[in-house]
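Participant: Spelled out from the first residue to the last, the chains are:
There are 2 protein chains.
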Amino acid sequence: MQVNTTWCGKRNFISECPSGFEVKMDATENYGGDGQGLTPMELILAGVAGCIGIDVTMLLGKNLENITKIDIQTEGSRREEMPTSFTEIKTTFIVEGKIDTQRFWKAIRLGHKKYCAVSASLKPEITYNLILNGEEIPENAS
Amino acid sequence: MQVNTTWCGKRNFISECPSGFEVKMDATENYGGDGQGLTPMELILAGVAGCIGIDVTMLLGKNLENITKIDIQTEGSRREEMPTSFTEIKTTFIVEGKIDTQRFWKAIRLGHKKYCAVSASLKPEITYNLILNGEEIPENAS
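Chains as they are written, first to last, in the numbering used here: chain A, 1 to 142; chain B, 1 to 142.
What the hints contain is simulated information worked out from the structure, not anything from laboratory work.
Within a straight-line C-alpha distance of at most 27 Å, the following computed DSS-like cross-link-like pairs (lysine-lysine) qualify: (1) A:K24 with A:K90; (2) B:K24 with A:K123; (3) B:K123 with A:K113.
Working from the sequences, and respecting the hints, build out all of it.
Facilitator: So, in structure tokens, the structure goes:
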């Protein structure tokens with residue numbers, strides 16, 4: 001897989017991707033940018049959410065029909081020192097719909113272990129939480 | 001840093017990022033998607049390019065004024081087995097302008113080691129190549 005990225009002046013870059021879509025990046029003013037695009041570190045957190053999200057929707061199969069909402073929050077903790085890489089990524093699923101709680105947890109677990117190529121490419125530990133119909137559901141709860 | 005991602009049906013997700021920008025993701029048809037957005041793995045390669053690109057443009061300082069083009073190709077090799085994570089990311093800078101070759105290499109090296117938070121968050125080895133004014137410049141060449 002190859003992505004081609006072009007410098008557009010200052011800290012501005014645009015990436016052309018095999019999907020045919022583009023993504024525009026910029027640094028914040030602290031780093032000499034104009035804040036006119038996504039920051040590269042944001043792309044990592046979006047990628048984690050999108051990847052596990054795609055895997056979970058795939059693994060839910062027919063059960064997905066009973067789901068009305070899936071929000072995924074990805075919260076990255078970073079090193080204080082440079083490089084300020086991610087040390088941990090906390091991923092919270094906020095879901096509404098009619099589904100067995102452990103059925104959903106199983107999809108998260110299997111998605112993470114077997115399918116999620118983004119998570120498997122990352123160094124930081126990735127943890128998961130599930131809030132289903134307003135209630136936090138611990139993993140392995142009956 | 002927190003990114004909020006919303007499921008938009010099938011394999012479609014949209015992430016809202018702290019920068020104020022959004023990124024739309026989708027799976028290819030193989031994975032039940034419609035190919036209506038970036039794939040999460042593309043975001044990783046874009047992020048690598050954007051991050052080292054921002055660092056290099058920052059480290060070049062005044063020298064950046066003599067640069068007319070910076071293209072960055074990020075090519076990711078992936079595992080055959082699932083999860084198909086990246087095993088290596090080859091990063092090629094294609095640069096035009098008037099700059100000392102080792103000055104540019106120094107910016108790449110320092111950018112990678114000290115600043116690039118995306119690279120430092122990733123497991124795969126990241127390698128660099130530099131093509132300056134049409135000529136491949138090895139690292140440490142005099």
